[in-house]
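Same order as they appear, the protein sequences are chains A, B and C.
Residue 8 in numbering that gives the first Met the number 0 sits at position 9 of the first sequence, and the numbers go up by one each step.
Residue 75 in numbering that gives the first Met the number 0 sits at position 76 of the second sequence, and the numbers go up by one each step.
Residue 80 in numbering that gives the first Met the number 0 sits at position 81 of the third sequence, and the numbers go up by one each step.
Some chain A residues well away from chain B (every beta-carbon gap over 12 Å; in silico):
| hint | residue |
| --- | --- |
| 1 | A120 |
| 2 | G219 |
| 3 | V365 |
| 4 | A383 |
| 5 | L386 |
DSS-like, lysine-lysine: derived pairs with alpha carbons at most 25 Å apart:
| hint | chain 1 | residue 1 | chain 2 | residue 2 |
| --- | --- | --- | --- | --- |
| 6 | B | K173 | A | K245 |
| 7 | B | K92 | B | K128 |
| 8 | B | K130 | B | K88 |
| 9 | C | K154 | A | K8 |
| 10 | B | K179 | B | K128 |
| 11 | B | K179 | B | K130 |
For the record, the hints were derived by calculation from the structure and aren't laboratory data.
Backbone N, C-alpha and C fix where the C-beta goes; we use that ideal spot for every residue, glycine too.
Each chain is listed here by its residues.
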Amino acid sequence: MRVLPLALKSLRNRLGTALLTALTIALSVALVLGVQRIRSEARESFASTVSGTDLIVGARSSPVGLLLYAVFHLGDATNNVSWQSYQDIAASPDVAWAVPISLGDSHRGFRVMGTTADFFAHYRYGARHPLEFSAGKPFDDVYDAVLGAEVAHKLGYALGSEIVLTHGTGRIGSEHKDKPFRVVGILARTGTPVDATVAVGLAGIEAIHVDWQSGAQIPGHTVSADDARRMDLTPKTITAFLLGLKSRIATFGVQRAINDYDAEPLTAILPGVALQQLWGLVGIAENALLLVSGLVVLVGLAGMVTALTTTLGERRREMAILRALGAPPRLVFGLLVLEAGLLTVAGAAGGVLLMYAALAFAQGFVMDAFGLALPLSPPSMLEAALLAAVLLAGLLAGTIPALLAYRRALSDGLSLRI
Amino acid sequence: MLAHCARGLLFAVAVLCTACSREAPPAATVAPAKDIAATTAPSPKATADGAVAARAYAQSRGLAPTTTGAVAPEKPLGDDGYVELDWLKMMPKEDLDALKNPAPVQHVGRVRMAQFGTFNTVAEVTGHKIKLPGYVVPIESDDQGRMTEFFFVPFFGACIHVPPPPPNQLVYAKLAQPIKTPQIWDPYWLRGELRVETVKNQIAGSAYTMVDAELVPYDG
Amino acid sequence: MSARLAPKTDAAAAIRLERLQFSWRGGARLLDIDRFVVARGERVFLQGASGSGKSTLLGLLGGVLLPQSGCVAVLGSDLSSLGGAQRDRFRADHIGFVFQQFNLLPFLSVRENVLLPLRFSARRRHAVLRRGEAIAEADRLLRALDLDPARHAHKPVGALSVGQQQRVAAARALIGDPELLIADEPTSALDADARGAFLHLLFDECRRAGATVVFVSHDRGLAPMFDRSLRLADINATLRMGTN
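Isolated chain A, as found in the complex:
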């Protein structure tokens, strides 16, 4: 292969320009790969968040909204579900199990979820994986708490640590200082929003709000932690609940019955369907994003074409020398296409590295902020196809300066015109 060493040495001779060109391409490739990866990881992660739950029920709202706040802890509920309605539906003969959920508090940025011990028995994710404890056990006492893996890791908690819950879901707010909770269990990592959740008993949620009026604790009318323990801590409302049915076939019937429930406006969703509706909404933005990142790659390649074409003038002498040595004009063509190809390969490789570097850097932050896992897995088929497409585009782009050089080589002959 006569041309390859020439192309390599030629690029090395103009290393500054070559590196800059490759860097431009690398950045655009990293962008398009990153967008694609986040997109597919987000889908995978979202789709495998909850499993084995037939219906999710909450106050009447849009299915996507209910899914987002009940499972992903994104956004807030518009209304609550009364305890009577929950008990009524949970007692229905078709229901195998029911797990209530109460949201509205947080701890240092992580959501607090009030629930029953049944949550740990019935919540599944991915291919029906159950929740596992890396330490401790489910809560028992009113003021017991179980931490998700990320919460324990990020905040450095262990069994026996004492935590104070904050009212509201913002990062700061009024704290329930007089009623601290004790960590009795830490869950193993799941790659779902459960990792970023602090789970406490429903009674615990009731206890910390027992002396709160309209969102504030009135001094002089407080109830101590021990006193609260002795009160009746049955909740009056919850935010949502998960249902498992005895027979899956009954799903539609139960869903319709809940949606028609006279006593209270409720919505029951099939998690799989709501997820698909979510993707439908997001799909438009995703397509737009992919389109833009594709255009960015084209811009990067256009930069390469410009860089190669502008050097053609000063390389005319080189081409004349090669012609004098007996190189056919197609060698001149091939040399430039090969240079473009090498730059694109270098750019693509650099882009892949850049993407992984950015992924490694942003992994922790994305997990904290969105509960989304971004593993450093090898490139997928689609990503490999994208890289191949970039390479092809680079070679095609290289034919533009190559053709120019080819025609000049033919017409210049051996003249010394510089």
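Given chain A, work out where chains B and C should sit, using these hints.
Chains B and C only, in chain A's frame:
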């Protein structure tokens, strides 16, 4: 000049979004036979469980929840070796007769119809290769978020005034290989062998399932 | 266009031009040469002013350009009967060029530049390998032209003086024993001392290889060193008649 370009760009983006947006198809035309009257006047307790109402209906008509014979499939073998099956053939004759006196669908007010239907199945449609046209309702996925189990239903997105499909008008299917979750608003062919399985609930009943199901996009 | 080589018209002549006519596209006739013959091994000095068509003549001799009419026979092969690819191959196999300046590829080292023709000509590659290693031959040529390979072989081209660059160009033109060396003002960029030294070294090596030399320059002072010297105007009818 700049404003003109900006307007053009906005227009292009709007066209792009419209073209890309997935519009759910209009409510699939439901076969007239499926319009059903509410079985009982809705009271808080009864409406809390539509399936119980359905079973109550079956009992009131004296229908034993066993498989019954029905018309065998007539459509010829398709070129892919699967016989196209009509959803209605999956309902026993008694259910079809019961549907012959439907109440008109009222598209006003809160009156919605509870799920009607029985847990009765038809033996003839099981045991051989069939294909059904319909829509996918995903239920379970694997660790990578690919679908492994789903419901297959005859229609999608029907208005809230019409009940959901009865238990013998849907198939609970499991896939041999997980697949990328299909769109819930795209029609598909479900191919495979129907089976009947006992349903674990209060009254012994049965429903259609399919293992090793195959999904093929619907091409008309 | 016939793919075969034209039958050898005169095996003894290195160059044979007959009734050659050339003009650039749309321009006036530049070259009108009735007869010009160079014998093998002869060293010919061709004097011409700039713009007199000497570069064009060299292009015709090298097979880069084709005449409108007439015969260009180099080493017995009629170049006008060969296709473009064949002419390229012919040039690679049989002709070495030295230009006035910027002879070398800036991204290759000195030794790589000297070895460059071997990439394009199998014939010259074999000629070298029959004698030994290619690198050894390149070093021998550099030494013959008074360049120490140990010091210069790996240097980038830009690190050499103009005189040194011209000598490297000569080594490159001569590697693999091409039969014809065509030089276009090779000493015009050199000072007087360097000029003489360069020519002596060049002729020594050409004599050893038995190469024919066609040397074009405007400097009459060099003429005595050659076997034959003539002016372009002597052979180019358009110059004689003043029609350029």
